[in-house]
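Residue numbers (my numbering), protein chains in the order written: chain C, 1021 to 1297; chain R, 10 to 622.
Hints may be right or wrong, so weigh each one.
With a cut-off of at most 27 Å between alpha-carbon atoms, the simulated DSS-like pairs for lysine-lysine come out as follows [unchecked claim]:
id, chain 1, residue 1, chain 2, residue 2
1, R, Lys559, C, Lys1091
2, C, Lys1083, R, Lys601
3, R, Lys563, C, Lys1091
With the C-beta cut set under 10 Å, the calculated list includes, among others, these residues of chain R facing chain C [unchecked claim]:
id, residue
4, Phe106
5, Thr108
6, Lys335
7, Met342
8, Gly372
9, Thr377
10, Trp398
11, Asn405
12, Phe427
13, Asp439
14, Lys481
15, Glu512
16, Ser516
17, Tyr518
Derived from the structure by calculation, the hints contain no laboratory data.
Idealized CB from N, CA, C, for every residue including glycine.
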Amino acid sequence: MHAGIIFFLVILGSILFHIFTPWYWTDIASNWKGMDDTITLTFWVGGGVFIAVCLFMIYCVFKFSYKEGRKVEYKPEDKKLEKILTVATTLGVAALLAPGLIIWNQYVNVPKNSIEIDVMAWQWGWQYRLPGEDGKLGTTKVVNINDDNPFGINMDDPFGRDDVMVQSDIINLENNRPVKILLRSVDVLHNWYVPQFRAKMDAVPGVVTFYWFEPNRVGEYEVLCAEYCGVGHYAMRGGVEVQDPNSYQEWLGEQETFSDLIAMQNKEIETKKGCKK
Amino acid sequence: MSDEYENNKSGYQAQSSEAITGSAGSTSPDIDYVRPAELPEQDLYHGHTFITKWVFCQDAKVIGVQYFLTAVFTGIVGLILSWLMRLQLGFPGLAGFITAEHYYQFVTMHGMIMVVYFLTALFLGGFGNYLIPLMVGARDMVFPYVNMLSFWMFFVAVVILMASFFVPGGPTGAGWTLYPPQTILEGTPGSGMGILLMLVSLALFVIGFTMGGLNYMITVLQARTRGMTLMRMPLTVWGIFTATVLAMLAFPALLVSAIMMTLDKVIGTSFFMPTILKAGEVLEYGGGSPILFQHLFWFFGHPEVYIVALPAFGIVSDLISVHARKNIFGYRMMVWAIVGIGALSFFVWAHHMYVSGMNPWFGFFFATTTLIIAVPTAMKVYNWILTLWRGNIRINTVMLWCLGFIVTFVNGGITGIFLGNVSVDVPLSDTYFVVAHFHMVMGIAPVMVIMGAVYHWFPLITGRLLNETLGKWHFWTTFLGAYSIYFPMHYLGFIGVPRRYYEMYDSPYMTSAVGMNEFISLAAFLVGAAQFFLIFNVIKTLKTGKRAPKNPWKANSLEWHTSTQPPEHGNFGERLPVVHRWPYDFSVPGAKDDFIPQTTPPSEMVHTKVEKT
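Chain R with its partners taken away, still in its complex shape (with noise of 0.2 Å):
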């Protein structure tokens, strides 16, 4: 494969002299016409082995796979602690080793894995290394090099959380905000090795994640291909694009905080530390501020639910327009909502400490910056289901997936209204209410999309189509039995019952929430269950699986036409791909197809009335 790469490192060239000569069939040169490139192609490294190929790989392709399955492996480990959470909380002693020592570390390390370990990485570290490249037609990363070294080092930031699991005092317990001083203070389980391996792991990973995020930034501005100008990218790309961006400005206010934390328990400075009275004595710390913790975790906090949710939004748009078979309504709108919601999610982040005890006058100004965030989410929420009107809706498990994101995330966005607007959030703030919210719309709704995403690009990644059939299972257990774990769960904080109890005993008001803990454990070990749909259905199809046909979705954007399907390395074969319009033209009248991928020229599509190019 290097060979044809070698022989064609001046492609370029070429290329640019057949776009202003014209391709045949063509009616006036001039219109097909596409800047030349500026730079030649550099070649890519190469592996040839094993451990080159596979291991240590350069290819972002296979880095993101790497990630994908890394990070699928700790979110399972997640939502095994998320069986062991309801099992307690639904059935209070039937397992007798759930101590509440165990109850809260499971508390803790489920929503760091989950946040961070599981989404996070899953969306940039996965998504973003497999498609960024494919979809803005570039042959690989610009760092191949820096690239599988943020790979690798998220790996060592896996392994070192996980054997927090194994050290005497297990994982810590804290709570996965890590609030000080309880975080740090003895008694505290897991205060001893648990929280330091978590601390020096979150450093890792933001290591690591720095390392991937300059890539998937420099790549999306510096290598895509001709013609692909930024408003021609897939809203997927705008949408992991302004995460990285985000997360390049959020992680370094996580890692200061880890590293002034880890300062505190180590060598005994007080950053987050005041006096402390514990057991009826002094402790040597004096003067910290608990709360500047806080300010810091959640400005690394907040920006983390738009990382998040910004590559969900993005990838969801694209679904909805190629199996609606209609342009995305709006986009324009949409770009600059993902901007706007990007910036904007800066200025929110003291809205998760309305109670905290910080100044009450800041209440004020967050909850309005709060709900101004509401107005570009709900534009959005718009353009999806107008996309949806008057188009040709495909049916199958990826629209379904999508459809079940629309309603998970709406609903979770308008109890984000209650939270957000500060007096209303007095009642709910650290009862069950906020955690319903912020697992319908930042758990469920992007796992919808995650789901969407692999049904969808599976084709792409190994060639093969997953089976509907199963993949419809896999929906409706998943959808419904999520839905009625979160929805009636809001309904727990309107009665006051607070967050992270490990048992509710016999409160009066509390009683009558035994019947729905129990429900709800019951739903969320079935959701748990349901999974194993997606991993029989993968199992299966890579053994025997339909062999899908080249652009099986008949999709526009360039990851579905590479030279082979799957894209090998280099993505394109012997000629990047010129792009000529945006990735939305379905059903464009005149057109002999409901289709016109980005790659075809203007003059042959004369007769269409394409709007938007």
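Only chain C is shown next, with the shape it has when bound in the complex (with noise of 0.2 Å):
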């Protein structure tokens, strides 16, 4: 009696906890409302069974607790009932699955007009490459990284040359653009995850990885690392801001390229040429 009551709190609470919960979504700021809209049907839908399974049984408790000589029901076997159940399940389980797949379909397909972003991690912190005025990334090789090549650009990729170069651990994007990261880590896996996005991918060493989203909202986000990646995990932050068009192209036009780079060392070692002479 007291377990079947005790039970049924737990299960009151539980539901109590969900609807007064203050513990929610962060609001969202990409496109991917269709993963929160699945959750919630997850929800409505994983949230009954598990209502209605936990109050059959706590009807059970109550109904049927010992008593000596209650008849109990002999009957090993319900075939049609075990049928039905089946069935009811698997339709179930598909209409869950449906939406699910809908939205990984946009999720593997990027969308044509996205620009997009070289993420590149370490240990740990984060830098991000643009593509310059041809609308393309130069192609990268670990081994190419030093200080006078940052993101270790091919230096024979002519597409290279004028990719803008971040190097800080915030990017700003354009609102309602969709954007595709293109992940990359030089030691060991990371995770760029914006929780406003809702959107993530591994980085990992030794190939190129990729997602996309389109920010919807103007505002400077937290980026946090989601995949463990040594003692400095927790502190691997970095930071995004949405900007409207005309901000972001202002931003975008203060920013260095490749060759600027390029241009500046030349200088630098010339400088000091001159010096030693």
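Starting from the two chains in their separate frames, assemble the complex, guided by the hints.
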């Protein structure tokens, strides 16, 4: 008796917690509302099943707790009931799977008009690279990375010269413009994650991985590393600033390109040489 | 004792003739007929000294207890580590000695210990050894000597694992998944001796487990007593048997990945190591694939979840049936669900890797297979609660743990549907939602079953009944405490709090989590402390506890129908039992008692309406 009451209170408490919880989504700031909606749907269906199963169990505890000589049903199998339950469960599961797969299909197909961003991760920090006027990122190699070539751009790749380099852990994005995040890491696994954008993907050394989203709310957001990458993992933060197109263009104009960097370095070398003479 | 067997080596002949002629009171000799045994019995090795009886013992029951106690020891270490982690998460900086390095070492060791050395060893090595021979009506495992080696190999693996706490640099802090490259790179805690000892320990565990696993499988397939058909086996045996088959197929993937990683570490091969730039220098590695390791790891790791879950499913089915005084509902469905879940579990591994950087098109396949597995799992849940329906339920400690299991397992199973459904996983993966999910479904739920099983079989193993009042205190504090740890924790995942963060700092949306983290930590301390109820109960019961009557729960399965209780070496005295029915004939209409043991011949039950035998 007591047991049934306590179990009932647990279920009731769970429902109330869900209704009144102050802890829920961070406000979404990207196009992935479909993910939230699928979660809400799964909550309704799954939560319904959880409550139904538990209430059935609690009812049994109240109704059929031990009494000497109680008449017990002896019915090893019930083919019809088992069939109904199987079919109903299969349909329910399919109904949850379908929207999940539809959204995944959007997730893996990147829109053509998206801007590519090279996100480079290391222990423990981020930096970013944007394509220049040619609209293409230059290819890179880990072994090329040094102080003069912080992104390891292949020197013989013509697309690399005009790449915009953001040597900061904060990147600016244009509002309502899809971005394709190209992730790479020079050492261990990392994951560039902004909770408000919902999307994420690991950065894996040796390969370039990707995902995309479309920011749709102007503001500043925190970037978290979401794949364990060593003792500095929890401190591996960055930032995103989503701006309206005008401010974004202004910001973009201020950034340095790879050619700028090369030119500056050449100048430095020349001044050094000049000093020696 | 050995003399008895000497005298009775040809006992199987006597039994078969008895079965044919029929025992007293039978109406027809034919209905009791059971096929004679195909092989004569072999005598067992009987230990005579303390060492051969209790240390290097070949009796599966003693080996089972050895496995159980060793696993519980590792579990206590894992529990203490979780306390230290919760101390840091709930009250950062309060315990100054917990540095980030230590925190990650605790995380890693807690995970590995709980999954492999605690749960796997406890269910298969502990319950498997104790229960399989007894439940299928065998005198022992088929290879008792190898079985003994299996335990000692496990023991050495545990010693090596624990030794890693004391080597320079400490144990590995790479996360329990041991993802390369960082696992073996300098700078990761324990990247020297720590990780090597972990890999060696895992390899020994797999070797030891293979020796035990062969025993469990072959004993079930070859050593069942007369009349014990596969479809008359208790679901406990079905669960442990299927889990063992999974383990035999899955553990090799862990073994090879441990060997390959050891080679990467020791002789500088690059199985998992791409070109790496570390502290401004390019390392010697190149060309390897970190994702390959993840595939190998999860090819082991996902079946591993079911290696823990299937024995729990089996055991809880038996406990519910016995204590609800009702046959398990849909036995055949239950068996096929166990086998089906086991088979499917090999096709879902990459659902741990949706955002790992593997080809994202895999997501479609693995989301579909993962959600398909929900169907047989749901059927099992329905059958458990339908077993309660119109039963005669004893609300004792054992049943409470079973009910607690249903609540936590369904809760954790439902959140599994979130995470299995690929695009829903994207925002939630690597957050506390995942932590809450897998602790609920493969931490708390199986532990509920273990506790139920301890209270259920304690009288069989020791001859004494555990105290019910203490048992109920133990259950309610553990269940309510654990539920209030993990239920709210899901919501941290919604906020976006990532896992494996030593400190949260003051991200604007995370500061609201501070209060909840404190609460969760307090609940965690409570749940850990609540286990003293059990320890105290066991000690008290062993000293002054109530002696258990024979078959105290009025169960049908063979382990309660041994010659003595606790069963002695050889289990069944002079004659092996002959089985005439499934173990779930409870409350059969027309029967005098509300249970009919498996050994009762049909001729004694002619007036009952037995549907299934």
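For each hint, the structure was consulted:
no. : hint                     : in the structure
1   : Lys559(R) <-> Lys1091(C) : holds (25 Å)
2   : Lys1083(C) <-> Lys601(R) : holds (24 Å)
3   : Lys563(R) <-> Lys1091(C) : holds (17 Å)
4   : Phe106                   : violated (15 Å)
5   : Thr108                   : holds (8 Å)
6   : Lys335                   : holds (5 Å)
7   : Met342                   : holds (6 Å)
8   : Gly372                   : holds (5 Å)
9   : Thr377                   : holds (7 Å)
10  : Trp398                   : holds (6 Å)
11  : Asn405                   : holds (9 Å)
12  : Phe427                   : holds (5 Å)
13  : Asp439                   : holds (4 Å)
14  : Lys481                   : holds (9 Å)
15  : Glu512                   : holds (5 Å)
16  : Ser516                   : holds (5 Å)
17  : Tyr518                   : holds (5 Å)
Checked against the numbered hints listed earlier, the structure breaks hint 4 alone; every other hint is satisfied.
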